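If you read the sequences in order, they're chains H and C. Sequential numbering of the first sequence, starting at 1, is according to the UniProt record's numbering. Sequential numbering of the second sequence, starting at 1, is according to the UniProt record's numbering.
There could be a bad hint or two in this list.
Said to hold, decoys possible - Computed cross-link-like contacts, SDA-like style, restricted to lysine to any residue with a CA-CA straight-line distance of at most 20 angstroms: (1) C/K214 x H/S100; (2) C/K209 x H/P103; (3) C/K36 x C/P135.
Stated by the list, open to error - Sample of chain C residues at the chain H side, in silico, Cβ under 10 angstroms: (4) T40; (5) F57; (6) F225; (7) P237; (8) L255.
Stated by the list, open to error - What the simulated footprint calls covered on chain H by chain C, stretch by stretch (three residues with Cβ under 8 angstroms from a Cβ of chain C suffice, anywhere in the stretch; the number is not a length): (9) 45-57; (10) 195-205; (11) 226-232; (12) 238-244; (13) 259-269.
What the hints contain is simulated information worked out from the structure, not anything from laboratory work. Remember, it's a predicted structure, so these values are computed and weren't measured experimentally. Glycine is no exception: its CB is placed at the ideal position from the N, C-alpha and C atoms.
Listed below, chain by chain, are the residues.
2 protein chains.
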Amino acid sequence: MAIRHHQPPFAASTNFIKTPKLSPSSFRPNLSVSSKPVFTSVESFAPATVANLGPGFDFLGCAIDGIGDHVTLTIDPNVQPGRISIAEITGIQNPHKKLSKNPLWNCAGIASISVMRKLKIRSVGISLSIKTGLPIRSGLGSSAASAAAAAVAVNAIFGGKLSESDLVLAALEAEAKLSGYHADNVAPAIMGGFVLIRSYDPLDLVSLKFPAEKNLFFVLVNPEFELQTKKMRAVVPTEVTFTDHVWNCRQTGALVAGVLQGDLVGFGKALSADRIVEPRRGVLIPGMEAVKRAALEAGAYGCTISGSGPTVVAVTDGEERGREIGERMVEAFREEGKLKAVTMVKKLDTIGARVIKY
Amino acid sequence: MAIRHHQPPFAASTNFIKTPKLSPSSFRPNLSVSSKPVFTSVESFAPATVANLGPGFDFLGCAIDGIGDHVTLTIDPNVQPGRISIAEITGIQNPHKKLSKNPLWNCAGIASISVMRKLKIRSVGISLSIKTGLPIRSGLGSSAASAAAAAVAVNAIFGGKLSESDLVLAALEAEAKLSGYHADNVAPAIMGGFVLIRSYDPLDLVSLKFPAEKNLFFVLVNPEFELQTKKMRAVVPTEVTFTDHVWNCRQTGALVAGVLQGDLVGFGKALSADRIVEPRRGVLIPGMEAVKRAALEAGAYGCTISGSGPTVVAVTDGEERGREIGERMVEAFREEGKLKAVTMVKKLDTIGARVIKY
Chain H
1 MAIRHHQPPF AASTNFIKTP KLSPSSFRPN LSVSSKPVFT SVESFAPATV
51 ANLGPGFDFL GCAIDGIGDH VTLTIDPNVQ PGRISIAEIT GIQNPHKKLS
101 KNPLWNCAGI ASISVMRKLK IRSVGISLSI KTGLPIRSGL GSSAASAAAA
151 AVAVNAIFGG KLSESDLVLA ALEAEAKLSG YHADNVAPAI MGGFVLIRSY
201 DPLDLVSLKF PAEKNLFFVL VNPEFELQTK KMRAVVPTEV TFTDHVWNCR
251 QTGALVAGVL QGDLVGFGKA LSADRIVEPR RGVLIPGMEA VKRAALEAGA
301 YGCTISGSGP TVVAVTDGEE RGREIGERMV EAFREEGKLK AVTMVKKLDT
351 IGARVIKY
Chain C
1 MAIRHHQPPF AASTNFIKTP KLSPSSFRPN LSVSSKPVFT SVESFAPATV
51 ANLGPGFDFL GCAIDGIGDH VTLTIDPNVQ PGRISIAEIT GIQNPHKKLS
101 KNPLWNCAGI ASISVMRKLK IRSVGISLSI KTGLPIRSGL GSSAASAAAA
151 AVAVNAIFGG KLSESDLVLA ALEAEAKLSG YHADNVAPAI MGGFVLIRSY
201 DPLDLVSLKF PAEKNLFFVL VNPEFELQTK KMRAVVPTEV TFTDHVWNCR
251 QTGALVAGVL QGDLVGFGKA LSADRIVEPR RGVLIPGMEA VKRAALEAGA
301 YGCTISGSGP TVVAVTDGEE RGREIGERMV EAFREEGKLK AVTMVKKLDT
351 IGARVIKY
């Protein structure tokens, strides 16, 4: 396996060493092989993700190229065998809420423990350093990126025995404890591209391949605004009308077709058309309606809330056009929402969480 | 345009002369061109369809090869200009309910009138003969097949100026009057293959291409049982739980992905997984649960009600396997539902309604 140089996370493309894919028969860890470390240190990267894609609440997400979290893992004789320790957290931090260094309350920590448990590691202890590239509670899957990077790193340092599904389950343990039981961030963070979660029990993931020859850019606009997760969850209804249900099902089907057929017009229309969650959550983000209108008027194919917000995502097929759309959206946040916002234009990440240095 | 010989509807493949596709600019009839007949007689065929595909209630259907309805259209000097007359209805008829020869109460009649109106035909009258190949109220889209065949025939005899979308709208007028406002039979009956209706206003149809190199067989099992349409509509709920809503959305996305990626396992799982309509309607079809179980135990990838029943549809990748599955399903209908049933194994029709003789 070739070892490539580490690239900074904001580079347009990130070199990588992908954990080898395992055959279906190795979905469960091969316990007959002793899980001893095969490396002393590993550095991994996992991308940002956009979850709740339009009508895809809790089941449809995609990975974003060039931004995400790094985890460095080291076999550490000072850490009790079978345990992990979080040595350092650097990078972008939320000023109001620091990330915990207690592994039981840290996404990377929980995911690491889960992978170690799956691999039955009792011979060595490891220490983790996390470098966050995503603001937490921004709607870009910051916790999923940490969890995914950690899961992939732990698996890699012990020889890469687990499958992608196992790694998604490990990262999902972290997400479930700290955010909620939804895999639409962790699955694309680990697998890359677009991922649909058909079922949770058993976990059934459908990877949706966007045609490589087509251009797709995400315009991400992040306002300076702290959303209350509880409020965002509270507005999700317990019942929906059959009419809205069928409408959203149609949009889901059209969105999946848009992705697989590389039809950005169809993808965008479906992305913009959620009638159930977005209207209820949008009102909690000051200026959201105007921001969406501005994106569409500036030529975006579609626009919706990224994850549970407050980041808003629009899609287009050109980088320059994406920047113009982003400026209009920032302007609308300022004028209608009275919020400062920053914008970036990014491609789809088709790789997912990866080892970048052994 | 080559003219091929007419093939009987039950042949494995049907030769055809497809109405030429029009460019988007010709979506509306070109009224500057006079709509005079370019043929004196036209014969058309439209295939059977399976609508309400699993979670795709009212918005997802597909066309079935080798069975359907024929319409023969003739410019008739005995019919008042601008009017139509139904000369004859032959073929399979429901013994309890004959089809009306009043064009205002006949699917082919209503669709023909709609197409003539769109083309502003006032110069000649036409007479229609309908040969039905599908039992009515069977769940195989008999009314849609008649309407689609008629719409395509009228358009063709006047030079084929209307687009597929216009023809779907014309056939939908018929369906709406006699069955209900849903295009998941008429759209695939006209367009062939799998069609998803993203939106009705404006009509937005998404054609889903199943990979040509993959095998797909539909096992259609039709019991001798008259369903009451009113009852079938009455059990559709007005509200659904958010949990069921999200579940069905996931299945819709997975079903579309299964079709487009030619993944029969994924397609079948999603097809079988409707939690909203099928459980409520299935109990109205004696033996349904056992029939579905029998299909899956015999190796079908998926199984559900076809349209609003009572036909049950299962999917598989081999014709011989399809026949075995069909036998098990017929047996289950007999044993558990106390119903006689007949089975047939058919391919996907990828062509849709077509002219077969000028």
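* Hints violated by the structure (numbers, ascending) -> 1, 2, 3, 4, 6 and 11
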